[in-house]
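Just so you know, the protein sequences line up as chains A and B, in that order.
Our numbering applies: residue 39 is where the first sequence begins, and numbers increase by one.
Our numbering applies: residue 39 is where the second sequence begins, and numbers increase by one.
Treat each hint with caution, since some may be false.
Put simply, identical chains are the same to the list, so a pair is met inside one copy or across any two.
Here are the simulated lysine-lysine pairs, DSBU-like style, with alpha carbons at most 30 angstroms apart [to be verified]:
| # | residue 1 | residue 2 |
| --- | --- | --- |
| 1 | Lys-466 | Lys-213 |
| 2 | Lys-466 | Lys-420 |
| 3 | Lys-481 | Lys-97 |
| 4 | Lys-302 | Lys-365 |
| 5 | Lys-302 | Lys-401 |
| 6 | Lys-499 | Lys-278 |
It is worth saying that the hints were derived from the structure and are not from the lab.
Number of protein chains: 2
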Amino acid sequence: MAAKSNGPIGEHSGRVLAGPTNPMVTPLLTDLYQFTMAYAYWKAGKHNERAVFDLYFRKNPFGGEYTIFAGLEECIRLIANFKLSEDEIDFVRESLSPSCEDGFYDYLRGVDCSGVEVYAITEGSVVFPKVPLLRVEGPVAVVQLLETPFLNLINYASLVATNAARHRFVAGESKMLLEFGLRRAQGPDGGIGASKYCYMGGFHATSNVAAGKLFGIPLRGTHSHAFVSSFMSPDEIIDKSLRSSDSQSTCEDFVSLAQTWLSKIQWSNSLNGTFGETNQSELAAFTSYALAFPDNFLALVDTYDVMRSGIPNYCAVALALNDLGYKAAGIRLDSGDLAYLSCEARKIFHTIEKEFGVPGFGKTNITASNDLNEETLDALNKQGHEVDSFGIGTYVVTCYAQAALGCVFKLVEINNQPRIKLSEDVTKVSIPCKKRSYRLYGKEGYPLVDIMTGENEPPPKVSCELASA
Amino acid sequence: MAAKSNGPIGEHSGRVLAGPTNPMVTPLLTDLYQFTMAYAYWKAGKHNERAVFDLYFRKNPFGGEYTIFAGLEECIRLIANFKLSEDEIDFVRESLSPSCEDGFYDYLRGVDCSGVEVYAITEGSVVFPKVPLLRVEGPVAVVQLLETPFLNLINYASLVATNAARHRFVAGESKMLLEFGLRRAQGPDGGIGASKYCYMGGFHATSNVAAGKLFGIPLRGTHSHAFVSSFMSPDEIIDKSLRSSDSQSTCEDFVSLAQTWLSKIQWSNSLNGTFGETNQSELAAFTSYALAFPDNFLALVDTYDVMRSGIPNYCAVALALNDLGYKAAGIRLDSGDLAYLSCEARKIFHTIEKEFGVPGFGKTNITASNDLNEETLDALNKQGHEVDSFGIGTYVVTCYAQAALGCVFKLVEINNQPRIKLSEDVTKVSIPCKKRSYRLYGKEGYPLVDIMTGENEPPPKVSCELASA
C-alpha cells in the first residue's frame with residue numbers, strides 16, 4: 039500500500055526552481071475567463087476563499103486500460119515563478135471592461151502562488167480515470183488562473199507519454215525505439231514536448247537536437263534521401279583517404295576499396311549473382327558518409343532500390359570500413375515491405391559474415407521507419423521481421439489515434455464546503471470533497487487497485503479488508 | 039492568371055524582422071541528421087553546392103479538396119535571424135563524433151541564411167497537392183538545416199488553418215466562431231499556434247490571452263461552472279449596489295431587483311408557470327458576475343439545469359440589468375441537446391421581449407460549446423438550432439479528425455542538375471527541377487486550375503490555350 043501524495047510546494051521552498059521550459063508559458067497562457075472570473079471574485083470579496091480543485095481525466099486514451107501521468111514538472115515550474123509583469127497586467131486591463139476597478143490590478147500585481155498547495159501523483163506513474171492527478175488548493179481566484187495552463191501542460195504530456203508506452207509495449211522490450219516526429223508535430227514545442235514525454239514513455243532516443251540539449255535525451259540521426267540524391271558518382275569525391283581505426287595506417291583510396299568490395303559481392307558464389315549494377319550516386323553518398331563518420335556509418339538504403347542497390351552498396355562500404363578496423367552501424371529502411379526487406383537483408387548479412395569471415399556482420403543493425411504506429415508494429419510482429427530499431431514519427435508525436443486527452447479541473451470544495459458539478463451526462467458529474475488516493479498492493483508486490491477516501495477518513499490498513507479499514 | 043511567387047528574402051533586406059514567436063525555435067530545432075549531413079557535405083567539399091528543395095504536401099487533409107497554407111511568417115522569422123550561438127555549436131560538437139574536424143565548427147560559426155532564397159505562395163492562400171508551397175534555394179548544407187523547422191512550422195499551421203476554414207464553412211457565414219482549445223492543445227504553442235491559425239482560417243476570437251497579446255486576436259470569455267458552484271446563495275453578496283449605465287442613478291440592492299424579476303418570470307402568464315424554484319447558488323453567481331461586468335453579462339446556464347434554473351436565472355439578472363440601462367450579452371450552453379435547448383431558450387427570450395416590452399431581448403446571443411466539430415455543427419444545422427456563436431476547442435486545435443499534415447521537403451535540383459526521389463510507392467516520387475506555379479483564372483474571375491512549368495519555360499499567356507503557351 040502506498041499513499042501517492044507529494045508534499046505541498048512550500049515544503050520545497052529551499053530550492054529555487056527554474057521557470058517553464060517554454061518561455062511562452064506565462065501567467066497569460068490561460069483563458070480570458072480566468073481573468074474575468076478573477077475580477078468577479080475580487081469584486082465580490084471572494085477572491086481569497088480557499089478552494090480545492092481536482093485535476094483528473096474520465097477515460098483512458100487510445101481505447102486502452104491505462105494512462106501515464108506526465109507534465110507535473112512544468113506545472114511546478116510555472117507556479118514556482120508565477121508573477122504577472124506590468125506589461126502583462128496592462129494587457130489584462132486592456133482586455134477587460136474599462137469599468138473594472140483599479141484596485142483589481144493592484145491585487146493582480148501582488149498575486150503569486152505562495153498560497154497554493156499542490157498534491158500530485160508522481161510524474162511517470164501509471165494512472166487511472168477519476169483519481170485526481172493533482173489536487174490544487176489555494177485562493178480561488180489564483181487557482182482558477184492555473185486551470186488552463188495546468189490542463190495544457192498535463193493533457194498532451196500524459197497523452198504522448200501513454201502513446202509512447204503503448205508503442206513500447208507492442209514493439210517488445212528488445213527493440214530500440216527512436217522518436218523522429220519533430221517535422222510533423224503540432225508546432226515547435228509539440229515537437230519538443232513529444233521528445234521529452236516519449237522518452238518518459240519508454241523511447242530510447244530522439245532526432246530532435248533542441249530536445250537533446252534541453253533534456254539530455256540521447257540523439258540519433260544519419261542522413262536523408264536528399265543526401266543520397268545530391269551525389270552524382272564516386273568520381274566527385276576528392277579526398278578519398280581514410281585512416282584506420284587504430285590510426286596505424288591510412289587507406290589512400292577508400293573509394294576504390296569500396297568499389298573492390300562491391301565487385302566481390304557482385305561475383306560472390308554464395309550470393310549467387312544476386313546483385314547487378316548498383317546506383318553510383320548512392321555508392322558515392324554512402325562512401326562520402328563513411329569518410330565523414332567511419333565509426334558510425336549507418337546508411338539509408340531505399341533511395342533507389344533496396345535489394346538491388348541499397349544493400350549491396352551498404353555492404354561494400356561496410357566491408358571496406360571493416361578492412362580498416364571500423365564496425366559499420368547498420369541500415370535504415372524507410373519504404374516498402376519492411377518485414378520482407380528486413381528478412382532479406384538479414385540473410386545477405388549472414389551470408390556475407392560466412393563468405394568473407396566478418397564476425398558480427400550477420401547482426402548488422404536494421405532500423406525501420408515510414409509511418410509506423412501500433413498497428414503496423416503489430417502487423418510486422420505477426421509477419422516476422424528482422425528489424426532491431428524503429429523510428430517512429432507522426433503517429434507517436436501527434437497521437438494520431440486520439441489527438442487529445444480530456445483532463446478536467448473541477449472545484450470540489452470551497453471554504454470547507456463540498457461542491458459538485460452536476461450534468462445530464464452522468465460521466466461528467468464530479469466527485470465532491472477533498473480526497474486522498476491510495477494504490478493497494480497484493481502480497482506478491484503487484485498493484486491491485488486504486489482507491490479514494492475522504493481527506494479525513496482513516497487510510498486503508500495493511501492486511502485489513504477495505505470495509506473494516 | 040496570377041504568378042504566385044514572392045521575391046527572394048534578400049529583397050526585403052531593408053526591414054529587420056523579429057525572431058520566431060516561440061523563442062524555442064532556434065537553429066537546433068532540427069533533426070540531428072541535418073547536422074550529420076552538414077558535416078558529411080562539408081567533409082566532401084559539397085556544402086556550398088547550390089541546391090533547390092520544394093516543400094509540398096501530397097494529399098489534402100480531412101478527406102477534403104483544399105488546404106490553407108500557413109506558417110510562412112514564422113519560417114521567414116527563423117531564417118532572417120538564423121545564426122548558431124557558441125553554446126549551440128558546442129552542443130552540436132558534443133552530439134557528433136569526436137573525430138569530426140574542428141574546421142566544421144568554424145564553418146558553422148559563419149552559417150546564416152544570407153545565401154538562401156525562398157519563393158513562396160502567399161500565406162493564407164488556398165493551395166493544392168504537389169504544387170510547391172515553398173521553393174528554397176541555397177547552399178545544400180544550410181538549406182538542409184532548414185528542412186525540419188520549416189516542415190514543423192508549416193505542417194501544423196496549415197493543418198489547423200484548414201481545419202478552422204472547414205469549421206467556418208460548415209457553421210455558415212452568419213455565425214461567430216470562437217476558439218476555446220488552449221487546455222486541450224498539444225502543448226503551449228500548440229495552443230498559441232492554434233489561436234493564430236484558427237483566426238487565419240476564419241475564426242473571430244480566441245479564449246487564449248497570450249495569443250491575444252502576441253497577435254492582437256480578439257479575446258472572449260466569461261465564467262466557468264466552477265465560478266457558479268463557488269457561490270452558496272445571494273445572501274453572501276455584500277456590495278449589492280450598481281450604478282445605472284448612464285451613471286445618473288444607483289440601484290442600492292441589485293440582488294433584490296434580480297430576485298423581483300425572477301418572481302415576475304415565475305408568475306408570468308405567458309410563460310405559463312414554466313419555471314419553479316431556481317438554484318440559488320447559480321442566481322448568486324450570475325448576480326455577482328453582473329455586478330462585476332454589467333456591460334458584458336454573459337452567463338453559462340448549464341451548471342445545474344438549463345431550462346429549470348439557468349435560463350430563468352439569466353433572464354432575471356438580464357432584466358434587472360435592463361432596468362439600469364444595460365444590455366445583457368447572452369448565454370452559453372455547454373452540455374445537453376444544444377439544438378433543442380437553443381430553440382427553447384429562444385422561445386423564452388421572445389416571450390419575455392413581448393411580455394415585458396424589452397426590445398431586442400428575443401435576439402439574445404446564444405453561444406454553444408461542448409466538444410463541437412464539423413459533424414456536430416452539421417448535425418445541428420440539420421436539426422435546426424438558434425445558436426449564434428460556437429465555442430470550439432479540442433476538435434479544431436488538435437485537428438482530431440486528422441492530427442498531421444504530411445508536408446515533405448524534397449531535393450529537386452543541385453548544381454543545376456535535376457534530382458528525383460524514386461519510390462516503389464508512385465505517390466512518393468518527387469517531381470524534379472526548379473519550377474514555377476501559376477493559378478489560372480477564367481473570364482468570370484474564378485480560379486480554374488493551378489499549373490506548374492519548368493523555371494525557364496514561358497509563362498502561360500492570357501487568352502491562349504495552354505498547349506500553345
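How the hints compare with the structure:
For the homomeric pair Lys-466 and Lys-213, the shortest alpha-carbon distance between copies (28 angstroms) is at most 30 angstroms, but the shortest distance inside one copy (40 angstroms) is not. With identical chains, the CA atoms of Lys-466 and Lys-420 are at most 30 angstroms apart between copies only, with a shortest distance of 26 angstroms across copies and 40 angstroms within one. Taking the shortest Cα distances, Lys-481 and Lys-97 sit within 30 angstroms of each other inside one copy (29 angstroms), while across copies they are farther apart (55 angstroms). Taking the shortest Cα distances, Lys-302 and Lys-365 sit within 30 angstroms of each other inside one copy (19 angstroms), while across copies they are farther apart (88 angstroms).
With identical chains, the CA atoms of Lys-302 and Lys-401 are at most 30 angstroms apart within one copy only, with a shortest distance of 20 angstroms there and 85 angstroms across copies. In this assembly of identical chains, Lys-499 and Lys-278 lie within 30 angstroms of each other by CA distance neither inside one copy nor across copies; the values are 73 angstroms within and 51 angstroms between.
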